[in-house]
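Enquirer: Since each chain sits alone in its own frame, please combine them into the complex, following the hints.
So the chains spell out like this:
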Amino acid sequence: MTWTWFHRLGSPPYVYGLAARLTPWFAWPAALLIAAGLVGGLVLAPPDYQQGDGYRILYVHAPSAWMSLMVYTTMALAAAVGLIWRIKVAHAVAASCAPIGASFTLAALVTGALWGQPMWGTFWQWDPRLTSELILFFLYLGYMGLRAGLEDTQRADRASAVLAVVGVVNVPIIHYSVTWWNSLHQAPSIMRLAKPTMPAVMLVPLLAMLLGFTLLFGALLLVRLRGEVLARERTASWIREAVSA
Amino acid sequence: MREFLDMGGYAAFVWPAYAVTFGVIVLNIVWAQRLLRRSRAEAQRRLAMRGEAP
Chain A
66 MTWTWFHRLG SPPYVYGLAA RLTPWFAWPA ALLIAAGLVG GLVLAPPDYQ
116 QGDGYRILYV HAPSAWMSLM VYTTMALAAA VGLIWRIKVA HAVAASCAPI
166 GASFTLAALV TGALWGQPMW GTFWQWDPRL TSELILFFLY LGYMGLRAGL
216 EDTQRADRAS AVLAVVGVVN VPIIHYSVTW WNSLHQAPSI MRLAKPTMPA
266 VMLVPLLAML LGFTLLFGAL LLVRLRGEVL ARERTASWIR EAVSA
Chain E
152 MREFLDMGGY AAFVWPAYAV TFGVIVLNIV WAQRLLRRSR AEAQRRLAMR
202 GEAP
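As they're listed, the protein sequences go chains A and E.
When we follow my numbering, the leftmost residue of the first sequence carries the number 66, and every step to the right adds one.
When we follow my numbering, the leftmost residue of the second sequence carries the number 152, and every step to the right adds one.
The set of hints was computed from the structure by calculation and includes no laboratory data.
Fair warning: there could be bad hints in the mix.
[Unchecked claim] With a Cα cut of at most 20 Å, we get these calculated SDA-like pairs of lysine to any residue:
1) A:LYS153 x E:MET200
2) A:LYS260 x A:LEU275
3) A:LYS153 x A:ALA221
4) A:LYS153 x E:MET152
5) A:LYS153 x A:LEU228
6) A:LYS153 x A:SER302
[Claimed, not checked] Examples of chain A residues toward chain E, derived with CB under 8 Å:
7) LEU109
8) PRO112
9) GLY117
10) GLY119
11) VAL125
12) HIS126
13) SER129
14) VAL175
15) GLY207
16) LEU285
17) ARG291
18) ARG305
[Stated by the list, open to error] These stretches of chain E come out as covered by chain A in the derived footprint (C-beta under 8 Å, 3 or more residues):
19) 156-162
20) 177-184
21) 190-197
Predicted model only: the values in this text are computed from it and were never measured.
Cβ coordinates follow ideal geometry from the N, Cα and C atoms, glycine included.
Chain E on its own, in the form it takes in the complex (with noise of 0.2 Å):
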């Protein structure tokens, strides 16, 4: 386990490379999944306003 931890004295590279991308991969989706969110409640909003609320 340590040593595959320390992927042969290159750890301080291999990790935060890793790290970097599945956190862009996380954000990106939690950034789509807030973005229809808002698309929704906005077009909700939009309904309510026009007095054909769903």
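Next up, chain A with everything else stripped away, as it sits in the complex (with noise of 0.2 Å):
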């Protein structure tokens, strides 16, 4: 086993030429599943039978608070990385996570405001899913709050690193919280050991969505990389043919 790879992923020109060349491979296929998601979720699949057409709201909450675990997660262990092994890239990749997971977690609170509002009478309750998805809104808030606190990037990489990987705790309690108490949000459909309870012309266009989604994040990530990466490198002579380019 060799480690050539991993060490190359730590070289700041290296990672910005790969980041640009990988960005489409991610950007499309990305947009293509969301628009089959958008036409299977909306058009092609049959209404529920207790929500009727209420439940298509699905094909955008789910998704977004996949994102909003996902890229968390992602942040964390990216900060992880840079925190132990002490490498920038790393902390670029965090860094580059928060806003993205910050602004889905909110797409995840505002569509499901909007659906428990016709189906349990309420845009909000203090519900132990809800009330954790919120917590991790605020984390990610104070993640970017404290980068931008802190005119040192080496400064700011370092303490929010240690913010983001203290509440990676919130995780596992937002993903369990439907289980672990009396929640009046529903139980997983698809994220369960045994089958998904969904026939497939419902489930199709989700897991086109989720994957959708997922590989949306994958080219944000990689466009917002290159920035954090540049913004890093005051003085690298590489810089000067990146940006002619």
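Expert: Encoded structure:
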């Protein structure tokens, strides 16, 4: 087993070039999958036998909620790698994740409220799932606020990384909140060990959306990462080639 | 078409949910491109200050 790939991933010029080359391979499949999921979810899938057409909020709510957790986990892992091995690129990955994660957490909260009102009769409840998701939103805001408050990028990287790593404890709490506590929120339909509880015509558009959003995150991360890497390299000579291209 | 837009009476909830989510997607694309553009401009400015303009 050779570790050269790991060392190369710590090299800013290599990562800058790789990110530029990889972006279209994430962006185009993401656009196609989201478009397919949109048609499948809004047109092809039949109304739900209990919730009628109201359940179609699922196709934007579940991918947004998935993003909120997946992006945070990525951010915490990158932050941990940055702290342990002192890799600048890893800190740049973590910093790139935060605004993406925060915005999709907000989307999950708002679409959840818009689903809750007709189905539960309320936009908001201080329910375990909803409250822990709101805390996730504040964790993202805290992370970004901490970074914005520290002039020195190295200090901002290290301080915010500690917050990201500590905050990851909230991720399993959100995921298991519907099983551990009595929650208004329904139990998982696909992220479970047994078979999904949905017919294929409803499930496939949802899977397309989940994969599409995940690839979209990849594309957004790659573009932001290039910006973050450039901002961290004050003097390196490779920058001349990077910005003149 | 009207039936589709009506969403079985849930139009007031379904469409805003889609609008918010796709608004977030569009904003993310704009933000990411703006961050990269600004970082590149900033790097170019730094190089120019050191007399190493590309």
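Enquirer: Tell me the numbers of any earlier hints that the structure contravenes, in ascending order.
Expert: 1, 4, 7, 15
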